[in-house]
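Model the full assembly from the supplied sequences, consistent with the hints where possible.
Chains as they are written, first to last, in my numbering: chain P, 688 to 1125; chain E, 688 to 1125; chain F, 2 to 382; chain D, 2 to 382.
Each hint should be verified, as a subset may be incorrect.
Covered by chain D, per the in silico footprint, the following chain P stretches (three or more residues, Cβ under 8 angstroms) [to be verified]: (1) 855–863; (2) 1022–1031; (3) 1090–1100.
Treat the hints as calculated values from the structure; they're not laboratory data. Remember, it's a predicted structure, so these values are computed and weren't measured experimentally. Cβ atoms here follow ideal geometry from the backbone N, Cα and C, with glycine treated the same way.
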Amino acid sequence: MAKHETPMIDQLESGPWPSFVSDLKQEAESRAKNVNGIDYQTPQNVCDDLLGVLELSYKHGRTHWKHGGIVGVFGYGGGVIGRYCDQPETFPGVAAFHTMRVNQPSGKYYTTKFLKDLMDIWELRGSGLTNFHGATGDIVLLGTTTPQLEEVFYDITHKMDTDLGGSGSNLRTPSCCLGTSRCEFACFDTQAMCHYMTNEYQDELHRPAFPYKFKFKFDGCSNCCVASIARSDLSFIGTWRDDIRIDQEAVKAYVGGEIPPNAGAHAGRDWGPFDIQKEVIGNCPTNCMRYENGKLEINTKECTRCMHCINVMPRALRIGNDRGATICAGAKAPILDGAQMGTMLVPFIKIEEPYDEIKENIIEPIWEWWMEEGKNRERLGELIRRQSFQKLLEVTGIKAMAQHVQEPRSNPYVFWKEEEVPGGWTRDINEFRKYHQR
Amino acid sequence: MAKHETPMIDQLESGPWPSFVSDLKQEAESRAKNVNGIDYQTPQNVCDDLLGVLELSYKHGRTHWKHGGIVGVFGYGGGVIGRYCDQPETFPGVAAFHTMRVNQPSGKYYTTKFLKDLMDIWELRGSGLTNFHGATGDIVLLGTTTPQLEEVFYDITHKMDTDLGGSGSNLRTPSCCLGTSRCEFACFDTQAMCHYMTNEYQDELHRPAFPYKFKFKFDGCSNCCVASIARSDLSFIGTWRDDIRIDQEAVKAYVGGEIPPNAGAHAGRDWGPFDIQKEVIGNCPTNCMRYENGKLEINTKECTRCMHCINVMPRALRIGNDRGATICAGAKAPILDGAQMGTMLVPFIKIEEPYDEIKENIIEPIWEWWMEEGKNRERLGELIRRQSFQKLLEVTGIKAMAQHVQEPRSNPYVFWKEEEVPGGWTRDINEFRKYHQR
Amino acid sequence: MAFISSGYNPKKPMEDRITDIGPQKFDQFYPPVITANKGKWLYHEILEPGILVHVSETGDEVYTIRVGGCRFMSVTHVREMCEIADKHCDGHLRFTTRNNIEFMVDSKEKVEPLKQDLASRKFNGGSQKFPIGGTGAGITNIVHTQGWIHCHTPATDASGTVKATMDVLFDQFTDMKLPAKVRVSMACCLNMCGAVHCSDIAILGYHRKPPMIDTEYIDKMCELPLAVAACPTAAIKPAKVEFEGKTLKSVSVNPERCMYCGNCYTMCPSMPLADTEGDGIVIMAGGKISNRISMPKFSKVVVAFIPNEQPRWPTLTTTIKRIVDAYSNDANKYERMGDWAERIGWERFFDKCEIEFTHHLIDDFRDAAYYTWRQSTQFKF
Amino acid sequence: MAFISSGYNPKKPMEDRITDIGPQKFDQFYPPVITANKGKWLYHEILEPGILVHVSETGDEVYTIRVGGCRFMSVTHVREMCEIADKHCDGHLRFTTRNNIEFMVDSKEKVEPLKQDLASRKFNGGSQKFPIGGTGAGITNIVHTQGWIHCHTPATDASGTVKATMDVLFDQFTDMKLPAKVRVSMACCLNMCGAVHCSDIAILGYHRKPPMIDTEYIDKMCELPLAVAACPTAAIKPAKVEFEGKTLKSVSVNPERCMYCGNCYTMCPSMPLADTEGDGIVIMAGGKISNRISMPKFSKVVVAFIPNEQPRWPTLTTTIKRIVDAYSNDANKYERMGDWAERIGWERFFDKCEIEFTHHLIDDFRDAAYYTWRQSTQFKF
Ligand code: SRM
Ligand code: SRM
Ligand code: SRM
Ligand code: SRM
Ligand code: SF4
Ligand code: SF4
Ligand code: SF4
Ligand code: SF4
Ligand code: SF4
Ligand code: SF4
Ligand code: SF4
Ligand code: SF4
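As structure tokens, this is what we get:
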């Protein structure tokens, strides 16, 4: 028998999509039965009470979690989000219901062993509820009591060789697309770089010393499967500089209808026979392709590596060989002054361990600048807007180029530096008045 | 013999384009000779001294006109720009060199009689130098002395039945393209409306009561030959709502190469035979045209009346019959916060004398709002930006529609009015705390 | 309950402490076929919705079956996945960036049994545990946030709105009939933890009432200057308030300037915003992230407010369905929703989606608002 | 000189005063063929550069010969036009919105003699008085402002830069070989009286030094609070200055914040900006006004500064010529300069026009600057 009546959320059990309510109930039941006789370290009925508080929220149309809660593990400034219920008498099982952010392995491949071990810890010490994964990328262990935080931390470090991720004003858990591991479009090993940076900057990740949060994300190509350009302060996106590799025979096979376009992504509807002119050439944003006499030509100089043609004909077209990444800076969510996309900062850089150039010329100078100049709770993107993109270029020693802009400024309000203007700014009004009477 | 050596500006006499320096010298010479024995009311050598002061500016790379100068004619707050030379001893002829803005007739057609009469007045009373026309549209009489201002005003009103234009914080001289007088694209009589508004608002034009300048311009179609959308606080641009009229035979004649495309505008270069697909259909911004089996079809619903197809085939395509104007608001030059283009406010309105709807629902409510809320030196466009486009809609009683925007907002920061939100904004924290403990 | 120690000694927190080790190295988790072929993949194909094959230059193939995950998962559910992976995939699996689960096998024969197994599993309530799909020109999982399950600032629930929406979009999850991918994202407040600001369709929790002030407690619980400084519109001013005979330090909020962003509440627990009638949902549309064909772009607000209609939010889901259908019927192959809206014009978007345009949708936030207004005579009646 | 009274009596200014009569009604000035055919025009054709015919549904035709005007014109020059109009056009003529002069005749035979007459007239210095052209896909007259001829704030001359530029672009005035119209405009300071902000090519006078302060006089000549308030960047602060033993009220300018807009000088004569080396020219490009094909758009800054090289500004004119040539060689028929730049990408614009891109061209003015940066991986190397 359920501890609380939940008529409203029960309605979320129907329908084809996996029901989180059903899952939550299944966990509640499992804990109630406790077949394995576990000595749960978090209230056994935590899931029942979560169902209950959720039902209450559905009734009121308002959350029933209190504001914040400062808890954590010793020596770390993040990785834990404290949370308390605002109806603890009614729902004692979730009176304290903190989450822990466990740093996911780059690319999110798992062995069942790892997962099962982690589940064992969390069943014992937490609510038995998780998020696979949080929006930043962490494994989110959802709901435990304060005394268990250190215990879980001890267990995951000792038993699972795994650490917490970020929260607070620090480097957040970096994340990446699966990259070369299973994608033919990847221009660099996103997982390797993501892993490297996560470890290289453990201190920045665990000990808040920044004005606000900072995020890295790594995308193997400009399809941007980890959405780096929209939500990371520094995003690394794979690209290349030389020709797209063309297999002319395979092109013909596409034209002949032997291979489904876009790897079959549109197979659900009859879009008619493949039309290379319309579908590929005509959609190329730069108009740099030609298909004539059975031959496809790409004018590399004009190509912006948008991936479209490669996406449509992955068996015929392949990314170039001279690979690296484009770095964009400053993406963030809308709070406070509106959302920002990452702005292109480095058009091309080779990606090679140990990434010295990137660390020394890009990441660290940017952090220094931001730590020096950034206001409390000011994201990098906001600082760039406040102090200018030019300032970011100065800080990173990058020369301004037309590629940095979508279009040049349309207001002519150029700020000059005194040293750029012959004679400087100090002038003598009396000298001027000799030639110009009042 | 020239009064001043002018070696630098003399170099502007060569080259094919009409030389203003040669013209200025010709006037200097004419005044020096004074064949008709005129008793010049402005120094006879005013042109010599203008040559001299200009040469000095060329030498210094700086203007030699003093700041401002408050002069005018009695009862008017504008129409005259005071100007004094900052080297009056060297150039006494231009020591005072004020301009007068004479309101041009709408569309700038003239009889030689009118021009000659005006020239007679200006030769006698001014420098004999003019601008045909000023950037706003006035006839600019360039350079006279203070005592002559009233005299010129008396002469132009009495002898020429003509008035001064605007300057200062008032309605500026309205202007228009030539409209129906000589253009088959005109959707309304721009000259008639321009003339009407100029006369209707003479008080606003001559007596500054606004926070800053205000400009009307009238374009007969969206080719915008008087650039209204870029430089008038309210711009009226002709358009239509029904079908573009198509003469299918003439279309065929274009396709057959019998009529030069775009009325011969491209005749200077061999662009190859006319290609209706590429040149017309392919350039239509909405893709709403088809040419099949010798027949041109336009899907009126999707057409944005951009004028392109009509411009290319004026003998085959004609503007619709249900004509009126689109009104855009708020254009201005970049001072202070960057330039603004006019924003579409009224998608379509019939243009019929006496324009009551426009005056009563658009112009006057806007002025009231602006006079109430506008800061000193704040243009309408800036007020709209500061108080929101919604506010402009409220003031004019126009319902918001998707046409008002290029795209909806991408930030979700919607401001709600209290009456729009059930229960309003006053809430009881204690009532809330009953359900949500601290 | 008896406290079971992990070994951690609260008296000597540094004893045996392991810190800053980061996550385990990713390649330890690779299935063998991935290890062997990493960086060698030649091409891929979607064999049917939810089922991909990647072919390597070595001749190896990996078959991936993608199944919908509702992200909020119990230990029991994860163990069930593990059981499946043990049975079919030699003990490996992965999660995607949009919270789906991917089961990989190294030969075609292994696909069918795995598929059968996945398809057969249902929750008690009747919903599928592991629906196969989410690939190609369709709708994949909705990325989302905490909502009423765990967060303190939401204006709506996350898991519930997502469940309701995915039920309505389920066909698009399992077929690939759309012109291009449609990415739906959900965030329960303006913090937008899901980065929904660049999604084809975004479901966004939104407050509509200025914060209340818990006068009696505010000075004890908050750093008032921080709360004042937090407000992006300068709506908050320090204030002194008479309360039961005492003069207390507090703040006042100018409701005309407040845009209900909740930033003050983030800094100060004594300024709650939540309200049954004030809170609800904003729908945004037409954003994208990929650089394919067109550049990434922000989503635009297309419905300013939908009340919270829990548990199934019918107005929300039918509106979304209408948008998806209109797009599906009208867009060109490969054309993302935002590109479609721009091609036909946003005025047509509203027509075709049968959504009423209201004044709320006109940007009035800061100077840049101007750039979204129409500065042209080009528009459709 | 003896004062000649118009009849105005300064002692009784209202005597016989005529005010607020506005301009004469436009239709009194129409040539008869215009009066007869107004609103009835069927179509037009450009017969050759500078010569248009408009055909009416009545069968009437009007032939227009357009000639370049340098706008700054003497009484003598205007009289010469009148003489021509009297001779050929029954005493009618008009001016265009870009300061060209149009002579109209009502039959084809009258065109040739008029043309001959116009072409034959030259100034003493050798330049043409009435160059025929300015129609169709070419370059017409440069609209411009006062410059050193009459204004107090210019950073360069107007008539001079225009003359120098039109000499270089003269071929494009008289032929019609460009892909589309190229509209060149000139304004001598940021007030931009020519509204050059939407031109294919804009020549803009620009100061580069913060204002000097005429300490001794400023408090006498200016309303200090107005000067302080005028500054859009809040660079001006009230200040007290020691001057010859006295403490004077004055202002101070923070040069780091000043963008040399001259707005303070507009309000206060004691803050002049002009400087021989500081002043010069900005070139902007790619703007347009018409709604044809694409929407109107602003010009963009493509050269941040060119020193004043009077009398003929060679760097300015050769740069403009280079831009026009690159555009002419590369753009599609009907494609305006800004549309071309957007199609090929601004990075290519700079390549093709052989203009160096400098940091000055990146927008850093206010928040909206951000929208001009590149938020994409789509760019050309
Ligand atoms: C758990 C998570 C949502 C989820 O359900 O997945 C989350 C949850 C919270 N986020 Fe977030 N954010 C989460 C990913 C994000 C993302 C997405 C991302 O990282 O890719 C964003 C948008 C990207 C960005 O950073 O701009 C995001 C933007 C924010 C913001 C706004 C930041 C801004 O600069 O605009 C806040 C507000 C703040 O920090 O005060 C915020 C604040 C919060 C807080 C801590 C609430 C608060 O006011 O302090 C939430 C705690 C919820 C809870 O009770 O558990 N969260 N947050 C995500 C982290 C899980 C993980 O570690 O994997
Ligand atoms: C004479 C003229 C330029 C010309 O050579 O043609 C002119 C000349 C001046 N303009 Fe202008 N403006 C002239 C048309 C314009 C235009 C074009 C238009 O009206 O289409 C504009 C841009 C459109 C607009 O209004 O936004 C224009 C935008 C300005 C501005 C900036 C206004 C703004 O809101 O950004 C100023 C500054 C001011 O008013 O303080 C200005 C100020 C001035 C002043 C009065 C200088 C000043 O600082 O007070 C100039 C006097 C020059 C002189 O000594 O004669 N002038 N001014 C034009 C008027 C002639 C006429 O009546 O026909
Ligand atoms: C597995 C995953 C990466 C990962 O590390 O987990 C992934 C995998 C692939 N993506 Fe992706 N994408 C994944 C998230 C994304 C995202 C991120 C997101 O939505 O938050 C994007 C950006 C979406 C956007 O623009 O809004 C994304 C935009 C693309 C695109 C560009 C599509 C477009 O039309 O704009 C392609 C190219 C294509 O589909 O042809 C692509 C192509 C691919 C390919 C074909 C790459 C390959 O060769 O293997 C993979 C299978 C595609 C499929 O599912 O149809 N992937 N892909 C992610 C699966 C998410 C899921 O569970 O559904
Ligand atoms: C005479 C004049 C109107 C007036 O009242 O004085 C005029 C007259 C005509 N314009 Fe214009 N336009 C005139 C200034 C303009 C302006 C204003 C400006 O440049 O400041 C524009 C906007 C320019 C811009 O977009 O930057 C303008 C944009 C057009 C267009 C659109 C061209 C385009 O490709 O975008 C057309 C259509 C066309 O050329 O086919 C047009 C077409 C025409 C037509 C063909 C209309 C007609 O049927 O008679 C006229 C002759 C065109 C020609 O000269 O080739 N007119 N036209 C102006 C002559 C100025 C001059 O002396 O050169
Ligand atoms: S971003 Fe590119 S490399 Fe990474 S998974 Fe997506 S398509 Fe592959
Ligand atoms: S990658 Fe994009 S820009 Fe390059 S050729 Fe292919 S479609 Fe064109
Ligand atoms: S704006 Fe239109 S109506 Fe007016 S002259 Fe130009 S083309 Fe003709
Ligand atoms: S006016 Fe413009 S939008 Fe309309 S049919 Fe012609 S080219 Fe297309
Ligand atoms: S979006 Fe807002 S309410 Fe939802 S998890 Fe993030 S911070 Fe909490
Ligand atoms: S909700 Fe946002 S806008 Fe309103 S008072 Fe709080 S911080 Fe300010
Ligand atoms: S642009 Fe500036 S300098 Fe030139 S006339 Fe206008 S106000 Fe004077
Ligand atoms: S020139 Fe402009 S920015 Fe500089 S002090 Fe004067 S008003 Fe301010």
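For the region 1090–1100 of chain P, do three or more residues have a beta carbon lying closer than 8 angstroms to a beta carbon of chain D?
Holds, because 11 residues of the region 1090–1100 of chain P bring their Cβ atoms closer than 8 angstroms to Cβ atoms of chain D.
Count the residues of the region 1022–1031 of chain P with a beta-carbon closer than 8 angstroms to any beta-carbon of chain D: does the count reach three?
Per the Cβ count (6), the hint holds.
The region 855–863 of chain P covered by chain D? Criterion: 3 or more residues, Cβ-Cβ distance below 8 angstroms.
Check failed, 0 qualifying residues.
Hint check: a violation occurs at hint 1 only; the rest are consistent with the structure.
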